[in-house]
Amino acid sequence: MKTGSRATLRLVAWGVPSVLIAAALVAWELIVRITDTPRWFLPPPTAIVTALVDSRRLMLHHTWVTLEELLLGFAISVLLGIAFALAIASSRIVERAFYPFVVASQAIPIIALAPILLIWFGYGLTPKVIVVVLICFFPVVVNTVDGLRSVDPELVDLLRSMGANEWTIYRVVRIPSSLPYVFSGTRIAAAVSVVGALIGEWVGASAGLGYLMTRSAAQFLTARVFAAVLISAVIGLAMFVIVSLLERLFLPWQHIGSPDE
Amino acid sequence: MITPSVLEIEGVTKQFAGRRGTVDALGQIDLSVGRGEFVSIVGPSGCGKSTLLNIVAGLEQPSSGRILFDGRPVERRLGRTAYMHQKDLLLPWRTVRDNVTLGLEVAGVRKATANERAADLFELFGLSGFEESYPTTLSGGMRQRAAFLRTVLTEHPLMLLDEPFGALDALTRASMQEWLLSLWEGLGRTIVFITHDVEEAVLLSDRVCVMSARPGRIVREQTVSLTRPRRYEMVTEPEFVALKSELLAALRAPESSGVR
Numbered sequence: 000m001k002t003g004s005r006a007t008l009r010l011v012a013w014g015v016p017s018v019l020i021a022a023a024l025v026a027w028e029l030i031v032r033i034t035d036t037p038r039w040f041l042p043p044p045t046a047i048v049t050a051l052v053d054s055r056r057l058m059l060h061h062t063w064v065t066l067e068e069l070l071l072g073f074a075i076s077v078l079l080g081i082a083f084a085l086a087i088a089s090s091r092i093v094e095r096a097f098y099p100f101v102v103a104s105q106a107i108p109i110i111a112l113a114p115i116l117l118i119w120f121g122y123g124l125t126p127k128v129i130v131v132v133l134i135c136f137f138p139v140v141v142n143t144v145d146g147l148r149s150v151d152p153e154l155v156d157l158l159r160s161m162g163a164n165e166w167t168i169y170r171v172v173r174i175p176s177s178l179p180y181v182f183s184g185t186r187i188a189a190a191v192s193v194v195g196a197l198i199g200e201w202v203g204a205s206a207g208l209g210y211l212m213t214r215s216a217a218q219f220l221t222a223r224v225f226a227a228v229l230i231s232a233v234i235g236l237a238m239f240v241i242v243s244l245l246e247r248l249f250l251p252w253q254h255i256g257s258p259d260e
Numbered sequence: 000m001i002t003p004s005v006l007e008i009e010g011v012t013k014q015f016a017g018r019r020g021t022v023d024a025l026g027q028i029d030l031s032v033g034r035g036e037f038v039s040i041v042g043p044s045g046c047g048k049s050t051l052l053n054i055v056a057g058l059e060q061p062s063s064g065r066i067l068f069d070g071r072p073v074e075r076r077l078g079r080t081a082y083m084h085q086k087d088l089l090l091p092w093r094t095v096r097d098n099v100t101l102g103l104e105v106a107g108v109r110k111a112t113a114n115e116r117a118a119d120l121f122e123l124f125g126l127s128g129f130e131e132s133y134p135t136t137l138s139g140g141m142r143q144r145a146a147f148l149r150t151v152l153t154e155h156p157l158m159l160l161d162e163p164f165g166a167l168d169a170l171t172r173a174s175m176q177e178w179l180l181s182l183w184e185g186l187g188r189t190i191v192f193i194t195h196d197v198e199e200a201v202l203l204s205d206r207v208c209v210m211s212a213r214p215g216r217i218v219r220e221q222t223v224s225l226t227r228p229r230r231y232e233m234v235t236e237p238e239f240v241a242l243k244s245e246l247l248a249a250l251r252a253p254e255s256s257g258v259r
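In order, the protein sequence lines correspond to chains A and B.
Okay, so the first sequence: first residue is 0 according to numbering that gives the first Met the number 0, each after it adds one.
Okay, so the second sequence: first residue is 0 according to numbering that gives the first Met the number 0, each after it adds one.
Worth flagging that the hints you see were computed from the coordinates, not collected in a lab.
If you're wondering where the values come from, they're calculated on a predicted model, not measured in any experiment.
Be careful, since some hints might not be right.
Stated by the list, open to error - Straight-line C-alpha distance at most 20 Å; calculated EDC-like pairs for lysine to aspartate or glutamate:
{"#": "1", "chain 1": "B", "residue 1": "86", "chain 2": "A", "residue 2": "156"}
{"#": "2", "chain 1": "B", "residue 1": "86", "chain 2": "B", "residue 2": "97"}
{"#": "3", "chain 1": "B", "residue 1": "243", "chain 2": "B", "residue 2": "220"}
{"#": "4", "chain 1": "B", "residue 1": "86", "chain 2": "A", "residue 2": "28"}
{"#": "5", "chain 1": "B", "residue 1": "110", "chain 2": "B", "residue 2": "168"}
{"#": "6", "chain 1": "B", "residue 1": "86", "chain 2": "A", "residue 2": "153"}
{"#": "7", "chain 1": "B", "residue 1": "110", "chain 2": "B", "residue 2": "130"}
For reference, chain B alone in the conformation it holds in the complex (with noise of 0.2 Å):
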């Protein structure tokens, strides 16, 4: 590739002080990710995927390797991605539209710009008419789609996701997912997403990586062909559900799943 991947991970490794002696968090992790890629990171709950998407974004410094930004590494990470978590941490005290302006406030953005900026995106975010409600009015698919818009907003080319639709009910998440999946095909962002839903996975990702059980390594690198745009009815097509299954065995095999 001529033009270097927005980012790359770099023989990372994390060891945290337990009570009894360290605890390998990662093992070793190598992963690059190209411009306008969409990768999926699936692996057991504690495999330390989070604290992976934490060292990316500079909240956690790697115990060992580093990690590259457009070919450059990069200590000072702070700032520089648009994370997302779970919880969609709304402040409550704040209405919609001070909240997904949020990132661009602290970036120093003046607020009349912020706000316009966010003007056009409450209509593609489902949020219009809700600019001056407080989030707790909100429902929680709204909640999940305010805390993304607040991501989309603070204008990283690099967004971080961190099982942004674990929250949600099944049917809110699918609806959320096919969502995603027709914002993000017209963003042109790049997008690192952790999961633990294979089928999620496999529906969004251009990529999905296969992280073991604690010390988490990526154990299996999966290109995802599938055409787009995708739609949800693609999860009962023959080659959505091999890949699927194909995936599924490389998480479960006890290699990755740490049952011996």
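So that you can see chain A by itself, here it is in the shape it has in the complex (with noise of 0.2 Å):
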């Protein structure tokens, strides 16, 4: 019976949401044909399915630009910012003289430093990695630094009472009970990594997902840039899914319950 119930939960959890997004679909379909709206103004969605299947191969050309940037941008990301949060946690010094950096990395409205980026280091592949380590670093050092402090203090007193030294007791206690908090950071940093590689696109790029949405939209080539963000999206779902499955990979006991009291 409880299997019955668990089963049917599991069953309402996505179907409801399916059934949703297909309404909504099916909405936007029939008024667009039915108010006649213009293309150019809002394509239907099975124009942009369309679109999408007729110029997979310019799609692919531009998806391929963006991922590398993306990819490039969040893996630095998430090492530079692992380290960081490392130095930060270690020591009040450290912590005093780069903390007000990494936050002020974030006051900088990143359209505005974009320009400069593109003046310094062209079109190429570079300016756009540097803006995605812009937007993805904060998060990763921000819960990583989080998750070094949330330490039990009791915990390290035990290992001091058994006469670990520092090393020990990071490698042991301090490194493991941050890591949920380095995988959220990381999480965070993934989805909001297409962001970063679309916004260095748009200021200044010859090819790219955001490349291919502002050269469409100039030509009023609507449907494509409907199917340029959503395959910008699915990108950044999928960066988030990959990391979550990776954290219960690496994470098994985040995800045991607890013995029924």
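Make the complex out of the two chains shown on their own, each in a separate frame, by following the hints.
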């Protein structure tokens, strides 16, 4: 009986959003057709799918460019973010010296910074990767620092009473207990990495989904703009899901229930 | 005594720097614990019991006085005692096996050797079959037994237990006390046991020290001459009841409770 109700719950959990999305798409299609809205103003879902299929080689090419930028930027952000967090958490002096810069990097409007990066680094890969890093780096640093600080001081005392040195305490207690925080920062970074790449491309690029969007918009190929938006959304979602799956793989203990008391 | 005491606390005091001047946490503590002895320290909360244990473990240094292990004063005491807190402090990302061998791992014992030493003890600690389980799947009593197994496995002759059963419900607690009694009688370790429960102290100990409210001092030392092995039923025997009420009176006397 219990498994039956659980299956029903799953069905509801997946079914309700699916039905809602399907209903919204159908409504969109109908409204556009009934009101005879011009295609350049709002294309119906079927036109977006058609655009996606018809120009798949073009889409694939630009998707690949964007993917390269965001994956590289994301990887650098995670590595750099964790390194910064370790430095900040390990010493008050480093914290005072660096934390203001980390926060300031978020206060600077990236849109304003991107043209400068363009002047310095040109139209290539580098300025886009830098924009991605500027956006993704912050959640990783802040969450990891919180994680390293969240350690139960009694756990540290336990290790010290066993005669453990600082490095052992980091290895055995601090780093493992900060991992859930590292992953939540990384999940956010994964989801926003697409935004970073797109901003980088809007300012100045010769390829990529952001470039494709601005160029198609200028040509009133609105269905193609929507198709590029759809791909970007899917990439962001996929990044998020992949990091979540990695978390389950690396932190299996996070997902075990407690016993019935 | 010919053999020196496992632990001697000589004139130890502790002051903390508080917001309004210094706070006297510990008055002056003198205590000596012999090999294989079970000594309890009871006192009101905030009397500095845990501070005293932290000093013995080397987590803190005394403001004055000294700590001797086996008759020799020891400055660096970290890694020389088996310390257990009220919280089980099991690492949720480690299996029970990897948790209980933590002390050995820190001491640099090889993993295979550590697992070998732990292997026979899971049964005795009621944990067999749960070696590969994660702590979150265990009950409160089992978690506490796992924490105790970790403490025993650090293999230091002096064990410091800070209210190890304080967080358990009354029923689990009573069974854990009986279990600890049977275990200790075969273990031959020296135990300093902190509690605020006089009954628990009398049931388990060879000697009970009553501490006063802050600044903590030992206001009474009482040898418990009840026969061993002890059983939980003893708590209703007249001798036990008499001892318990005497110690309770000492604990509640104005000079120890701090209420004047």
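Now the hints, each set against the structure:
Taken as a hint, the residue 86 of chain B and residue 156 of chain A pair is honoured in the structure, with Cα atoms around 12 Å apart against an allowance of 20 Å. At most 20 Å may separate the alpha-carbon atoms for a hinted pair to count; residue 86 of chain B and residue 97 of chain B meet this at roughly 18 Å. About 13 Å separates the Cα atoms of residue 243 of chain B and residue 220 of chain B, which keeps this hinted pair within 20 Å; it holds. Distance restraint check for residue 86 of chain B and residue 28 of chain A: the Cα-Cα separation of roughly 60 Å exceeds the 20 Å cut-off, and the hinted pair is therefore not satisfied.
Under the criterion of a C-alpha separation no larger than 20 Å, the hint pairing residue 110 of chain B with residue 168 of chain B is inconsistent with the structure, at around 35 Å. For the hint linking residue 86 of chain B to residue 153 of chain A, the alpha-carbon distance of about 9 Å falls within 20 Å, and the restraint holds. Using a Cα cut-off of 20 Å, the hinted pair residue 110 of chain B and residue 130 of chain B holds, with the two alpha carbons roughly 14 Å apart.
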